[in-house]
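Engineer: In case you want the letters, here they are:
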Amino acid sequence: MAMLHTVNKSPFEKNTLDSCIDHALKGSSILLFEDGVYGALKGTTIAGKVLQAMGDVSVYVLGSDLRARGLSEESIIEGIKITDYPGFVDLAGSHANVQSWL
Amino acid sequence: MAMLHTVNKSPFEKNTLDSCIDHALKGSSILLFEDGVYGALKGTTIAGKVLQAMGDVSVYVLGSDLRARGLSEESIIEGIKITDYPGFVDLAGSHANVQSWL
Amino acid sequence: MKFGIQVNEGPYNHQSSDSAYQFTKAALEKGHEIFRVFFYHDGVYNGSRLGVPPQDDRNITELWEALAEEHDLDLVVCVAAAQRRGVLDASESKRNGKDADNIAPKFRISGLGQLIEAGVQSERLLVFGD
Amino acid sequence: MKFGIQVNEGPYNHQSSDSAYQFTKAALEKGHEIFRVFFYHDGVYNGSRLGVPPQDDRNITELWEALAEEHDLDLVVCVAAAQRRGVLDASESKRNGKDADNIAPKFRISGLGQLIEAGVQSERLLVFGD
Amino acid sequence: MSEIIKKFMYVNRRAPYGTIYALESLEVVLIGAAFDQDVSLAFIDDGVFQLTSGQDTKDAGMKNFSPTYSALGDYEVTKIYVEKESLEERGLTLDDLQDLKYEDEDEDWAEKDSIRLVNRAELAKVMDEQDVLLSF
Amino acid sequence: MSEIIKKFMYVNRRAPYGTIYALESLEVVLIGAAFDQDVSLAFIDDGVFQLTSGQDTKDAGMKNFSPTYSALGDYEVTKIYVEKESLEERGLTLDDLQDLKYEDEDEDWAEKDSIRLVNRAELAKVMDEQDVLLSF
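Residue numbers (our numbering), protein chains in the order written: chain U, 1 to 102; chain H, 1 to 102; chain Y, 1 to 130; chain L, 1 to 130; chain A, 1 to 136; chain G, 1 to 136.
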């Protein structure tokens with residue numbers, strides 16, 4: 001089992017997602033929530049780094065936080081999976097441990 | 001009279017100093033304090049941008065916040081002026097307006 | 001599965017407490033156990049009973065308390081962080097010579113050992129913060 | 001010169017209130033006038049009288065109050081931000097059906113118009129925050 | 001309420017909902033509108049995310065305050081600067097934002113755009129002209 | 001106090017003094033030392049600034065908690081990982097940090113270094129092995 005990383009900050013404001021990706025081992029997963037969901041957007045200055053990371057890690061994004069911010073499913077990088085809180089709970093349970101990148 | 005910009009966040013954690021420099025007009029001043037003082041360090045990944053900005057703007061750093069963090073005067077980019085709270089008050093008064101980059 | 005939850009920020013100013021609440025609620029609804037919710041740093045402000053949010057907004061403290069009532073949740077506010085920030089129960093208030101207290105009924109004040117214990121006893125510990 | 005000061009974060013968790021205090025103190029010592037210190041967002045927590053920081057640390061609320069005593073400073077806590085977060089004076093507490101209040105004596109609770117007025121009346125407005 | 005007229009700019013650099021700054025900034029703008037000052041708003045960096053259309057906070061359990069932006073025109077808050085580079089870095093265009101309008105009383109209440117798309121250098125100049133900059 | 005032995009890692013990513021996280025993280029570490037767990041600390045990103053030597057908070061009016069790091073060895077907290085890349089990006093070397101030591105009871109109380117300088121890939125593996133990661 002691998003690690004679940006959670007990121008709740010905008011990658012344009014803070015270095016959190018950047019640092020998380022740099023430390024995420026192959027096979028681990030990253031969940032984007034709160035302002036972290038902006039990291040899932042297509043066509044941004046960080047999207048290339050996220051796409052590259054997706055070769056090694058699975059990326060999830062919380063749908064309720066996307067909708068709160070007016071971001072449509074179409075605006076999200078292809079391959080990022082949209083989940084909800086029950087899904088977040090399942091991810092925490094199915095990974096060996098959880099690291100919150102604050 | 002020009003503007004005084006204040007920056008209180010580490011440039012390695014947040015985009016504040018970056019954004020401040022990108023918006024600072026020639027002749028304005030930037031005061032680094034709190035965790036913003038790390039932006040005054042020599043030999044960092046942001047030092048080149050700060051040095052380049054210093055061609056157009058004056059950069060100040062608060063000595064009490066440097067000392068709290070164990071940073072010596074020698075570790076600071078040459079040309080950055082070390083000041084104190086009375087100096088901060090004078091800078092606020094001698095510039096036309098103040099923008100806090102939060 | 002048994003989860004432990006740490007909340008590091010106060011209500012409203014950051015989304016952390018909302019997110020921790022949603023996670024906790026979803027875990028309980030799926031039949032999981034929440035060993036403890038531990039409020040640290042500015043998170044201790046979630047345990048104040050004096051908040052009066054606008055009527056068209058949620059009341060985060062009351063949401064936590066309703067969940068605690070329904071599921072017998074253990075809501076623990078760190079004593080050291082709480083004293084520093086002025087979140088007191090009756091006995092802490094008296095002991096410190098203060099004339100009022102502000103802890104909400106479903107929260108209890110205890111030491112940092114309760115966080116370590118949550119880490120030891122829970123199968124997963126999640127931290128919600130800034 | 002006349003300064004206005006805005007404080008956006010609570011005590012201890014962020015350095016903002018310390019910095020605002022140091023600036024205010026230095027300005028007063030240089031003979032300047034502080035039109036008002038306005039506490040907004042989590043900054044309202046600075047106005048609680050219930051904080052009990054460790055004995056070897058500063059008490060930020062008491063530092064502000066001592067400065068207010070000495071220089072007749074106007075320390076204003078935003079009413080909307082304060083209600084949301086549970087910082088109440090006796091009349092707000094009563095009006096909202098609460099059984100306690102926690103405002104510190106030298107602070108007063110008032111509306112956001114006081115911040116705008118500080119912007120209008122001060123020659124420089126400085127914001128200290130996160 | 002005051003005879004002094006100053007240039008007030010509210011500088012919004014943060015995303016909505018993750019923190020309360022965007023919401024409580026709006027509360028200041030609404031109260032401030034009662035004072036006869038020369039008011040403008042700037043949305044730069046993550047602040048541009050505050051103006052996205054279609055915000056729906058139901059499942060997040062938070063209050064959706066985005067409709068308030070479209071009411072700003074009624075409060076005579078009509079100068080809303082949005083930075084072009086900030087949009088571009090985030091993969092956004094003006095089409096992703098709410099369409100904010102006001103009625104110009106000087107031109108027989110003609111409907112006009114409140115949003116002024118400016119580049120970084122232009123915005124820096126507008127900031128420089130302000131008397132009071134409130135940062136959120 | 002508990003028969004379960006878990007790997008606990010305290011992950012410190014923030015600078016000291018600007019926020020309280022570094023100080024209150026240390027308070028958890030000290031209390032946690034009373035539990036017989038397998039404890040380590042990681043200092044990455046701005047967290048490496050917590051360990052600088054020569055911190056003097058007198059003029060800043062704050063409490064200097066940096067001496068506590070050198071007491072960690074007495075609490076049997078002896079695995080302190082510092083990330084090489086984080087130091088380099090900030091223009092720092094190990095010489096800028098406190099020299100943290102502990103006495104190894106298994107080797108006749110020989111004095112040893114608590115700080116383990118690791119690169120990012122090494123640290124990522126150590127993190128992966130943890131049971132509990134407390135983030136500050």
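Hints were generated in silico from the structure; no laboratory data involved.
Predicted, not measured: the structure shown is a model, and the values here were computed from it.
Hints may contain errors.
What the hints assert, rightly or not - Facing chain L, from chain Y, some residues (calculated, C-beta under 7 Å): (1) 53; (2) 55; (3) 56; (4) 63; (5) 66; (6) 67; (7) 71; (8) 91; (9) 95; (10) 102; (11) 105; (12) 106; (13) 108.
Here a beta-carbon is modelled for each residue, glycine too, at the ideal position from N, C-alpha and C.
Engineer: So, for every hint listed, does it hold in this structure?
Structural biologist: Consistency of the hints with the structure:
With a cut of 7 Å, the hint placing residue 53 of chain Y at the interface with chain L holds, because the nearest CB-to-CB distance is about 5 Å. For residue 55 of chain Y, the shortest C-beta to C-beta distance to chain L is roughly 11 Å, which exceeds 7 Å, and the interface hint is violated. For residue 56 of chain Y, the shortest C-beta to C-beta distance to chain L is roughly 12 Å, which exceeds 7 Å, and the interface hint is violated. The interface hint given for residue 63 of chain Y is violated, since its Cβ lies 14 Å from the closest Cβ of chain L, which is over the 7 Å cut-off.
Taken as an interface hint, residue 66 of chain Y does not check out: its beta carbon lies about 18 Å from the nearest beta carbon of chain L, beyond 7 Å. Interface hint status for residue 67 of chain Y: violated, as the beta-carbon distance to the closest one in chain L is roughly 19 Å, over 7 Å. The interface hint given for residue 71 of chain Y is broken, as the beta carbon of that residue sits about 24 Å from the closest beta carbon of chain L, more than 7 Å. About 13 Å separates the beta-carbon of residue 91 of chain Y from the nearest beta-carbon of chain L, more than 7 Å, and the hint is not met.
Because the beta carbon of residue 95 of chain Y sits about 9 Å from the nearest beta carbon in chain L, more than 7 Å, this interface hint is broken. The interface hint given for residue 102 of chain Y is met, as the beta carbon of that residue sits about 6 Å from the closest beta carbon of chain L, less than 7 Å. At its closest, the beta carbon of residue 105 of chain Y sits 11 Å from a beta carbon of chain L; the interface hint therefore is violated under the 7 Å criterion. Below 7 Å, beta-carbon pairs count as interface contacts, and residue 106 of chain Y has none with chain L, the closest being about 15 Å; its hint is therefore violated.
Checking residue 108 of chain Y against chain L by beta carbon gives a least distance of about 17 Å; that is not within 7 Å, so the hint is violated.
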